[in-house]
Amino acid sequence: MGQQASSITLEASLKNLQVISSFLHKWAKKASLSTHSENELFLAVEEAYINIVKYAYPESLGKVSIHCRIEEDSLILKIRDEGIPFNPLQLSEPHLVSCLKERKVGGLGVFLMRRFVDNVKYEKEGKYNVLTLVKSKKRDTECQEGESREERGS
Amino acid sequence: MQISRKEEKGIHIFSLDGRFDAHSAGDVEKELNLTISKGARKLLLDMDGVEYISSAGLRVLLAVAKKLKKKEGEIKLCSLKPYVKEVFDIAGFTQIFKVHNTTEEAIQGF
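Protein sequences, first through last, are from chains A and B. Residues in the first sequence are numbered from 1 upward in steps of one, following my numbering. Residues in the second sequence are numbered from 1 upward in steps of one, following my numbering.
Warning: the hint list may mix true and false statements.
[To be verified] Result set (PhoX-like, lysine-lysine): computed pairs, CA atoms no more than 25 Å apart in a straight line:
1) A/Lys104 - B/Lys30
2) B/Lys69 - A/Lys29
3) A/Lys104 - B/Lys6
4) A/Lys138 - A/Lys30
5) B/Lys70 - B/Lys6
6) B/Lys42 - B/Lys67
7) B/Lys85 - A/Lys137
8) B/Lys81 - A/Lys26
9) A/Lys54 - B/Lys71
10) B/Lys98 - A/Lys101
11) A/Lys138 - B/Lys81
12) A/Lys101 - B/Lys70
13) A/Lys15 - B/Lys30
14) A/Lys101 - B/Lys42
15) B/Lys9 - A/Lys104
16) A/Lys101 - B/Lys6
17) A/Lys101 - B/Lys69
18) A/Lys104 - B/Lys98
19) B/Lys81 - A/Lys137
[Stated by the list, open to error] Restraint-style ranges between C-beta atoms, simulated for each label pair:
20) B/Arg41 - A/Tyr128: 37 to 43 Å
21) B/Lys9 - A/Leu91: 40 to 46 Å
22) B/Asp27 - A/Ala5: 34 to 40 Å
23) B/Gln2 - A/Leu10: 46 to 52 Å
24) B/Lys9 - A/Ile8: 47 to 53 Å
25) B/Gly109 - A/Gln18: 42 to 48 Å
26) A/Ser60 - B/Glu8: 44 to 50 Å
Think of the hints as simulated: they come from the structure by calculation, not from any bench. We put the beta carbon where it would ideally sit given N, CA and C, even for glycine.
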């Protein structure tokens, strides 16, 4: 059994998005996620991370750590910060109106994050805000099998 | 993100290549707004080189579409990759934007 958990700690700034992308890419490969699932997982992480950059540390640079591990059929990420608490699960869903004039700009980040991973959990652990994201490898396999079945059937 | 542009039949075509995320969204927004400020009203975004988009990219597209609408202009998109298409569908963007399969088809649609 190889290394099944690791973490990175970095300054919460926009420029570190690339570092997170590389870190997650390694884990997505290790978990044999498809590129599609990797993109979905990264979107969830990006939305969580950008919320921390903008709202957890609005005036100063703070630290964010991302811990990643593989557990049975899932890739589990814990994103930890010590800024202003924010529970994304308490945010109401945006109104997805199809009229351009009435559609509000923004508010999609948390909505998409919740759609693209299998589980989202927010906890306060002492001074830390901990957001846990779970991406199931099983669903990915089922999707791939479904896709190839569709291809064969078409 | 690499942004290349050309003009064809009065349509400003932008080809995006790279990740349309929180890091690159500002650059794309700046480029599109600059073109609009110079009088462009028909914009086409070729998304063939975009494998990844997040809410930051969607925010830019919606803001630019709203700006153009006010000026009686329009933005169309083409060549969406499957993941980008999924994000568009979930966010309800396929109902807001005119999305075409190819640049040729999109140009015809203006």
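How the hints compare with the structure:
1. The suggested pairing of A/Lys104 with B/Lys30 holds, with an alpha-carbon distance near 20 Å, which does not exceed 25 Å.
2. Proposed proximity of B/Lys69 and A/Lys29 is contradicted: the alpha carbons are some 43 Å apart, above 25 Å.
3. Note on A/Lys104 and B/Lys6: the hinted pairing is violated, with a Cα-Cα distance of about 30 Å set against a maximum of 25 Å.
4. A threshold of 25 Å between alpha carbons decides the hint, and for A/Lys138 with A/Lys30 the separation of about 14 Å falls inside it, so the pair holds.
5. A C-alpha spacing of about 24 Å is found between B/Lys70 and B/Lys6, which places the hinted pair at or below 25 Å, so the restraint holds.
6. With a CA separation close to 12 Å, the supplied pair B/Lys42 and B/Lys67 stays within the 25 Å bound.
7. Between B/Lys85 and A/Lys137 the CA atoms are separated by roughly 21 Å; this keeps the pair inside 25 Å, and the hint holds.
8. Taking the CA atoms of B/Lys81 and A/Lys26, the gap is about 22 Å. The hint holds against a cut of 25 Å.
9. Using a Cα cut-off of 25 Å, the hinted pair A/Lys54 and B/Lys71 is violated, with the two alpha carbons roughly 31 Å apart.
10. A C-alpha spacing of about 15 Å is found between B/Lys98 and A/Lys101, which places the hinted pair at or below 25 Å, so the restraint holds.
11. Straight-line distance between C-alpha atoms of A/Lys138 and B/Lys81 comes to about 23 Å, which keeps the hinted pair within the 25 Å bound.
12. Distance check on the hinted pair: A/Lys101 and B/Lys70 sit about 9 Å apart at the alpha-carbon level, within 25 Å; holds.
13. Between A/Lys15 and B/Lys30 the alpha-carbon distance is near 18 Å, which keeps this suggested pair within the 25 Å criterion.
14. Restraint check for A/Lys101 and B/Lys42: satisfied, since their Cα atoms lie roughly 18 Å apart, inside the 25 Å limit.
15. Restraint check: the Cα-Cα separation between B/Lys9 and A/Lys104 comes to about 32 Å, which exceeds 25 Å; the hinted pair is violated.
16. Restraint check for A/Lys101 and B/Lys6: the C-alpha separation of about 28 Å exceeds 25 Å, so the hint is violated.
17. A hinted pair counts as satisfied when its Cα atoms are at most 25 Å apart, and A/Lys101 with B/Lys69 qualifies at roughly 8 Å.
18. Straight-line distance between C-alpha atoms of A/Lys104 and B/Lys98 comes to about 18 Å, which keeps the hinted pair within the 25 Å bound.
19. This hinted pair checks out: B/Lys81 and A/Lys137 have alpha carbons roughly 22 Å apart, not beyond 25 Å.
20. In this structure, B/Arg41 and A/Tyr128 break the distance hint of 37 to 43 Å, their C-beta atoms being roughly 50 Å apart.
21. Distance hint check for B/Lys9 and A/Leu91: the Cβ-Cβ separation is about 44 Å, which falls inside the suggested range of 40 to 46 Å.
22. Taking 34 to 40 Å as the suggested C-beta distance range, the pair B/Asp27 and A/Ala5 conforms, at roughly 35 Å.
23. B/Gln2 and A/Leu10 have their C-beta atoms about 26 Å apart, which leaves the hinted 46 to 52 Å range violated.
24. Checked against the given bound of 47 to 53 Å, the beta carbons of B/Lys9 and A/Ile8, roughly 49 Å apart, stay inside it.
25. Checked against the hint of 42 to 48 Å, the C-beta distance between B/Gly109 and A/Gln18 comes to roughly 36 Å, which is inconsistent with it.
26. Under the hint 44 to 50 Å, the C-beta atoms of A/Ser60 and B/Glu8, about 48 Å apart, fit the expected range.
Violated hints for the displayed structure, listed by number in ascending order: 2, 3, 9, 15, 16, 20, 23 and 25.
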